[in-house]
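Novice: Chains as they are written, first to last, in this note's numbering: chain R, 1 to 176; chain H, 177 to 298.
Calculated directly from the structure, the hints in this document are not laboratory data. In this text, a Cβ means the ideal position worked out from N, Cα and C, and glycines have one as well. Among these hints, one or two may not hold up.
Unchecked claim - Across the chosen pairs, the derived CB separations fall in these ranges:
# : chain 1 : residue 1 : chain 2 : residue 2 : range
1 : H       : R192      : R       : P64       : 51 to 57 angstroms
2 : R       : W18       : H       : D179      : 22 to 28 angstroms
3 : R       : E126      : H       : S298      : 31 to 37 angstroms
4 : H       : A297      : R       : E157      : 47 to 53 angstroms
5 : R       : P64       : H       : Q228      : 52 to 58 angstroms
6 : H       : Q215      : R       : Q101      : 28 to 34 angstroms
7 : H       : G183      : R       : P64       : 25 to 31 angstroms
8 : H       : R295      : R       : P155      : 43 to 49 angstroms
To be verified - Cβ-to-Cβ under 7 angstroms is the rule here; a few derived chain R residues that face chain H:
#  : residue
9  : D22
10 : L137
11 : G138
Next come the chains, spelled out residue by residue.
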Amino acid sequence: MTNDARDLYVELHIPPEWSRIDPVRQAVGLCVAAVLGSEDLRDALGMVCAELLENAIKYGRSDPRGVRLVLRQSAQDNQKVVTLSVINAVESASHHLAVLQQRIDWIRGYDSPAEAYMAALTTVYERAEAQGGEGGLGLVRIAYEGGCQLDCDSPAEGYMAVHARYIMPSPGKDHP
Amino acid sequence: MEDLIAGDLKIQAIQRSPTLIELLWTGKSNARNPTAILQPYFSQVLAAAMDQKLAIELHFEKLEHFNSSTITAIIQLIQEARSKAVKLTLTFDHGVKWQKLSFDALRVFSKGDGLLEFRSAS
Chain R
1 MTNDARDLYV ELHIPPEWSR IDPVRQAVGL CVAAVLGSED LRDALGMVCA
51 ELLENAIKYG RSDPRGVRLV LRQSAQDNQK VVTLSVINAV ESASHHLAVL
101 QQRIDWIRGY DSPAEAYMAA LTTVYERAEA QGGEGGLGLV RIAYEGGCQL
151 DCDSPAEGYM AVHARYIMPS PGKDHP
Chain H
177 MEDLIAGDLK IQAIQRSPTL IELLWTGKSN ARNPTAILQP YFSQVLAAAM
227 DQKLAIELHF EKLEHFNSST ITAIIQLIQE ARSKAVKLTL TFDHGVKWQK
277 LSFDALRVFS KGDGLLEFRS AS
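Using the sequences and the accompanying hints, generate a full structural model.
Specialist: Here it is in structure tokens:
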């Protein structure tokens, strides 16, 4: 779990079953709290983990290796970065990676994740007024409430990965 | 009004006064499709509120976690309560960062009509 190069490294392979999400959310949160000592970050990265796993299980393809989750801490420009990556199999014809990239680009189009989140909430409200339907709040919630930067890619044919990066604020500074 | 118990979530319905129904959320709302569970329950609560001219208070202070699909269900409740002119108050723990962020954002739906209020407790 811990080595000389990193203070935090956890890798899990999880069966793609809904009932596994909450234990993993709690486990990730507890690892974060144990190493980084923050209850707020425990809750935030636990939520990020759950949202990413929900997407992977909803839209992924069945794979005997399950859904892979990697939680690690690294350094970037003298700042600590905690990255949570979820990697899952997808159908070859799946457009999910493109849809995710579009959503990430949409979030980046706003001046702040908070503005993007408010816009997403308003869309959900207007949809509810019309006829109900899916929310689509997960990724933008990760950016706003989780304070994470998002990226996605395809690490291998038939697989996709979503990475949520939390940049630890310097001591004495609030998170942006 | 009956309580709702679904998976890790419990919503306890309490009527302490003739003008108010309180819904106390505890546990975790992490179902795959919470709307399917919550919307029928909310419909019952709204029907009772309209019938008995009650305001509704939702208490989230003791809730450990909810997923984003639950937020969607809560927004649908806000929309439906407003359309039926039922007053809704959402109470949360502003000392818990995830609750503060989640519920402060929902203030975007306050429209000055007095039908949606937020109360932060710690």
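Novice: Of the hints given before, which are not true for this structure?
Specialist: none
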